[in-house]
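2 protein chains.
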Amino acid sequence: MVDFNSLFSTNAHGMKRSEIRELLKIINRPEVISFAGGLPAAKLFPVQEIREVTDYILETEGRKALQYGSTEGDGRLIKLVIEHMAKDGGIKATADNIIVVTASQQSLDLVPKILLNPNDIVLVEEPSYVGALQAIVSYGAQAVPVAIDKDGLKMDQLEKTIQDIHKRGDGGRLKMVYTIPDFQNPSGITMSLERRKALVELAEKYNFLILEDTPYRQLRYTGESVAPIYALDSYGRTISLFTFSKIFCPGFRLGWVVAPKPIIEKLVIAKQATDLCTAPFTQAITYEFLKRGYLDQQIKKIVVDYREQRDFMLAALEREMPKMEGLTWTKPDGGLFLWVTLPERINTRDLFHMAIENNVAYVVGDAFHPQGECKNSMRLNFSYPTKEQIDKGIKSLANVVKIYDENLRKGKVSTTVTP
Amino acid sequence: MVDFNSLFSTNAHGMKRSEIRELLKIINRPEVISFAGGLPAAKLFPVQEIREVTDYILETEGRKALQYGSTEGDGRLIKLVIEHMAKDGGIKATADNIIVVTASQQSLDLVPKILLNPNDIVLVEEPSYVGALQAIVSYGAQAVPVAIDKDGLKMDQLEKTIQDIHKRGDGGRLKMVYTIPDFQNPSGITMSLERRKALVELAEKYNFLILEDTPYRQLRYTGESVAPIYALDSYGRTISLFTFSKIFCPGFRLGWVVAPKPIIEKLVIAKQATDLCTAPFTQAITYEFLKRGYLDQQIKKIVVDYREQRDFMLAALEREMPKMEGLTWTKPDGGLFLWVTLPERINTRDLFHMAIENNVAYVVGDAFHPQGECKNSMRLNFSYPTKEQIDKGIKSLANVVKIYDENLRKGKVSTTVTP
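Protein chains in written order, with the numbering used here: chain S, -4 to 414; chain G, -4 to 414.
Possibly wrong hints are sitting among the right ones.
[To be verified] No farther apart than 25 Å at their CA atoms in a straight line, the calculated lysine to any residue pairs in the SDA-like style are these:
(1) Lys256(S) to Arg12(G)
(2) Lys59(G) to Gly126(S)
(3) Lys256(G) to Val132(S)
(4) Lys387(G) to Leu322(G)
(5) Lys59(G) to Val27(S)
(6) Lys59(S) to Pro41(G)
(7) Lys59(G) to Arg46(S)
(8) Lys11(S) to Ala90(G)
(9) Lys59(S) to Tyr379(G)
(10) Lys59(S) to Arg287(G)
(11) Lys149(S) to Val139(S)
(12) Lys38(S) to Thr55(G)
(13) Lys59(S) to Ala36(G)
(14) Lys382(G) to Glu56(S)
(15) Lys59(S) to Gln384(G)
(16) Lys11(S) to Arg168(G)
(17) Lys87(G) to Asn0(S)
(18) Lys162(G) to Asp(-2)(S)
(19) Lys397(S) to Ala310(S)
(20) Lys326(S) to Glu383(S)
(21) Lys326(S) to Arg12(S)
(22) Lys59(G) to Ala81(S)
(23) Lys11(G) to Thr89(S)
(24) Lys382(S) to Gln62(G)
(25) Lys59(G) to Glu383(S)
(26) Lys59(G) to Tyr51(S)
(27) Lys155(G) to Leu197(G)
(28) Lys59(S) to Gln292(G)
(29) Lys11(S) to Pro255(G)
(30) Lys59(G) to Arg12(S)
(31) Lys256(S) to Ala81(S)
(32) Lys256(G) to Phe(-1)(S)
(33) Lys286(S) to Gln62(G)
(34) Lys38(G) to Tyr51(S)
(35) Lys192(G) to Phe(-1)(S)
(36) Lys256(S) to Thr5(G)
(37) Lys162(G) to Glu26(S)
No lab work stands behind these hints, which were simulated from the structure alone.
Using the sequences and the hints, build the whole thing.
In structure tokens, the structure reads:
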């Protein structure tokens, strides 16, 4: 027998399977209503438009679309995403500021790759996106959490954390702040304009970069759009990640990064060694899709549908959840998720087993925390389930919370109730 | 101004642009005949079959193909590649041994990621594929070259290198041997069956793994197929990389890895943090393409065409090249490349400028060497240029070699001739 453990890298020894994915496997029973995923609603995918555009691309430029392409990406698509960003949030960029990537998770791997040495520090929102935390840790760096409130990152706590890092002589290791400013995953919270501006000033003051992740930015259902950090940053310290996964479809694995030129240059080299180039085939299809104005149309369609879904889930929570001190949930203006906080006595990981037995699933809060806090929270997704499922699932979840809490109060330990 | 150099990782400071890509930019003039690329011939892409299959997929399972997929890959495609490998080279594998990847370059990034610590050692063929060397170096590991002859890696030299590594106490750092056993890039050489078997025994004896890269394996034009190392290895020490780029099309970015289960498990986790999953859209299309028997048909078509191209280039070299002691070239049984060795006095990097002026391009030999040896060699690609271009380009190249050598003999330094 080969002793693979003697051969794996330190990196590999530290690699753990995504908790969310493992949980999702458990709940792969058809009777379980899942609020755990982060999937867009497949029923909204513009299948007919994609058929039309794909056939056109194969007919008119098939040989080019099936060949290797440049690492930077399809220049025509880059031109259109520049226009798209200018319209959406006032981002000014040229082709030198863009690289097309194999969707955002690739950016979340490449950016740490070019910036992080082992033991470097990235400040992250608490809670934050698991996939980003994994990527940071996979380079041996530390993800240090900073609390958020209803306006995003708490600036006083952020600066205090930064000062502490500098005081202990680790200022040079603080490379960036990772934030999802719009309808954050998992909390659904949006960072206010003031805090975005303050974050940019802190980045300049303490010489770090801002990694702005914007997968849901264009999925706003209520309220006014807030300018992207990239557009507010006159110092050139912001790297912004965009993806087509939530506004178009995830099955193409397509996104882009906008960043200062020196960052893009390093990302291009890093990407060369990682996958040479993003698929020219899906880039060409997406270019044509944008050119025909289908993307704006698609975003409008998604916004109408997800707004209803969000409202439906919020109404169900309001109606079904027990009145209980400390039980609250966010009311996001967009995105795919809301975040439920339970009284501190309720551990959502314990609760999970009972929930599954009652055919409803969510993601446990501590999965979104680098040190496993947020034990009394859960993330609920409202984009994927049907309204009927939301109705039934929230009823079931409310019931589970009620019974679990009663058991707790009676001194019954939940885990013995549901082994 | 932001001082990005103070923020980049050590890794990023060491990142260099691919020399080949930079050279290819220089020669992006339409009048230059390029033997430098490694592109498959776009005229052979099965555009009509892809149109047919793609439309079928979008019609019958569009919503699924456009959604996220599993990190391991589409189970249906995995089943068909297992059958494909069993037929081609007698590889026995189950789904536990496979991960679908975003083409082979991704495997060349992920395998080092799970195996290599900084200063670890990978033994590579001299010369070898640049993209693999870059990936190895990007993890801070060393690529140590071992000479090849007409039968591949020289086993005596390989074992001596291994023994030297063990003698100086670095045995634990020797993680793998990287080899392209069939129609190697850049040399076109195929490793003999005996040497493959001997390599497997060495891996067991000295506890390392074998990374077998097989992008051209099925593009054999003459001679008998040699069993893949994976099929010969009863110890389970081989990781084999396959890609659809050369036998189908590169524009999908699609390949797969076959390896022992513990390796696949780590690759799955590493891939999760890297790009979540390979595009379900192109996986579904490729599955349907294979299911309809189009891949076998396509490989047959390519083999007929490339065989002619190879023969045409070999004939042109024979006819045009000056008779000169030390001027030789390989006669590969398959693949995309042949390797020209010139007399030691001729530096192909100097020669390159004169070649470009005479409208012909190749890749300089030292680009394929971790320490920049092979200075008197060049790689020629015969799959991409037309026959007319091969004819004209080889004439031009032969002429340049002749003149350059005459200049050398007259004491004129080439670089002053072509500034």
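Hints, verified against the model:
1. At most 25 Å may separate the alpha-carbon atoms for a hinted pair to count; Lys256(S) and Arg12(G) meet this at roughly 15 Å.
2. At roughly 22 Å between alpha-carbon atoms, Lys59(G) and Gly126(S) fall within 25 Å of each other, so this suggested pair holds.
3. Between Lys256(G) and Val132(S) the alpha-carbon distance is near 24 Å, which keeps this suggested pair within the 25 Å criterion.
4. Proximity of Lys387(G) to Leu322(G) is assessed by CA-CA distance (about 20 Å); at most 25 Å being required, the pair is judged to hold.
5. This hinted pair checks out: Lys59(G) and Val27(S) have alpha carbons roughly 20 Å apart, not beyond 25 Å.
6. Taking the CA atoms of Lys59(S) and Pro41(G), the gap is near 12 Å; set against the 25 Å cutoff, the hint holds.
7. Restraint check for Lys59(G) and Arg46(S): satisfied, since their Cα atoms lie roughly 14 Å apart, inside the 25 Å limit.
8. Of the supplied pair hints, the one linking Lys11(S) and Ala90(G) holds, its CA atoms being roughly 21 Å apart against a limit of 25 Å.
9. Of the supplied pair hints, the one linking Lys59(S) and Tyr379(G) holds, its CA atoms being roughly 13 Å apart against a limit of 25 Å.
10. Among the hinted pairs, Lys59(S) with Arg287(G) is consistent with the structure: their alpha-carbon atoms are about 24 Å apart, no more than 25 Å.
11. Distance hint between Lys149(S) and Val139(S) is fulfilled; the C-alpha atoms sit about 14 Å from each other, no more than 25 Å.
12. Note on Lys38(S) and Thr55(G): the hinted pairing holds, with a Cα-Cα distance of about 14 Å set against a maximum of 25 Å.
13. A distance of roughly 11 Å separates the Cα atoms of Lys59(S) and Ala36(G); the hinted pair therefore holds under the 25 Å criterion.
14. Straight-line distance between C-alpha atoms of Lys382(G) and Glu56(S) comes to about 23 Å, which keeps the hinted pair within the 25 Å bound.
15. About 20 Å separates the Cα atoms of Lys59(S) and Gln384(G), which keeps this hinted pair within 25 Å; it holds.
16. Taking the CA atoms of Lys11(S) and Arg168(G), the gap is near 24 Å; set against the 25 Å cutoff, the hint holds.
17. Between the alpha carbons of Lys87(G) and Asn0(S) the distance comes to roughly 24 Å, so the proposed pair stays at or under 25 Å and holds.
18. Using a Cα cut-off of 25 Å, the hinted pair Lys162(G) and Asp(-2)(S) holds, with the two alpha carbons roughly 22 Å apart.
19. Distance restraint check for Lys397(S) and Ala310(S): the Cα-Cα separation of roughly 18 Å lies within the 25 Å cut-off, and the hinted pair is therefore satisfied.
20. Between the alpha carbons of Lys326(S) and Glu383(S) the distance comes to roughly 20 Å, so the proposed pair stays at or under 25 Å and holds.
21. Between Lys326(S) and Arg12(S) the alpha-carbon distance is near 30 Å, which puts this suggested pair outside the 25 Å criterion.
22. With a CA separation close to 32 Å, the supplied pair Lys59(G) and Ala81(S) exceeds the 25 Å bound.
23. Using a Cα cut-off of 25 Å, the hinted pair Lys11(G) and Thr89(S) holds, with the two alpha carbons roughly 23 Å apart.
24. Restraint check for Lys382(S) and Gln62(G): satisfied, since their Cα atoms lie roughly 20 Å apart, inside the 25 Å limit.
25. Taking the CA atoms of Lys59(G) and Glu383(S), the gap is near 21 Å; set against the 25 Å cutoff, the hint holds.
26. Taken as a hint, the Lys59(G) and Tyr51(S) pair is honoured in the structure, with Cα atoms around 22 Å apart against an allowance of 25 Å.
27. A hinted pair counts as satisfied when its Cα atoms are at most 25 Å apart, and Lys155(G) with Leu197(G) qualifies at roughly 11 Å.
28. Only pairs whose Cα atoms come within 25 Å are accepted, and Lys59(S) paired with Gln292(G) is accepted, the gap being roughly 21 Å.
29. Distance check on the hinted pair: Lys11(S) and Pro255(G) sit about 18 Å apart at the alpha-carbon level, within 25 Å; holds.
30. For the proposed pair Lys59(G) and Arg12(S), the alpha carbon gap of about 24 Å is at most 25 Å, so the pair holds.
31. At most 25 Å may separate the alpha-carbon atoms for a hinted pair to count; Lys256(S) and Ala81(S) meet this at roughly 18 Å.
32. At most 25 Å may separate the alpha-carbon atoms for a hinted pair to count; Lys256(G) and Phe(-1)(S) meet this at roughly 10 Å.
33. Between Lys286(S) and Gln62(G) the alpha-carbon distance is near 22 Å, which keeps this suggested pair within the 25 Å criterion.
34. About 18 Å separates the Cα atoms of Lys38(G) and Tyr51(S), which keeps this hinted pair within 25 Å; it holds.
35. At most 25 Å may separate the alpha-carbon atoms for a hinted pair to count; Lys192(G) and Phe(-1)(S) meet this at roughly 21 Å.
36. Between Lys256(S) and Thr5(G) the alpha-carbon distance is near 19 Å, which keeps this suggested pair within the 25 Å criterion.
37. Among the hinted pairs, Lys162(G) with Glu26(S) is inconsistent with the structure: their alpha-carbon atoms are about 61 Å apart, more than 25 Å.
Hint compliance for this structure: hints 21, 22, 37 are broken, all remaining hints hold.
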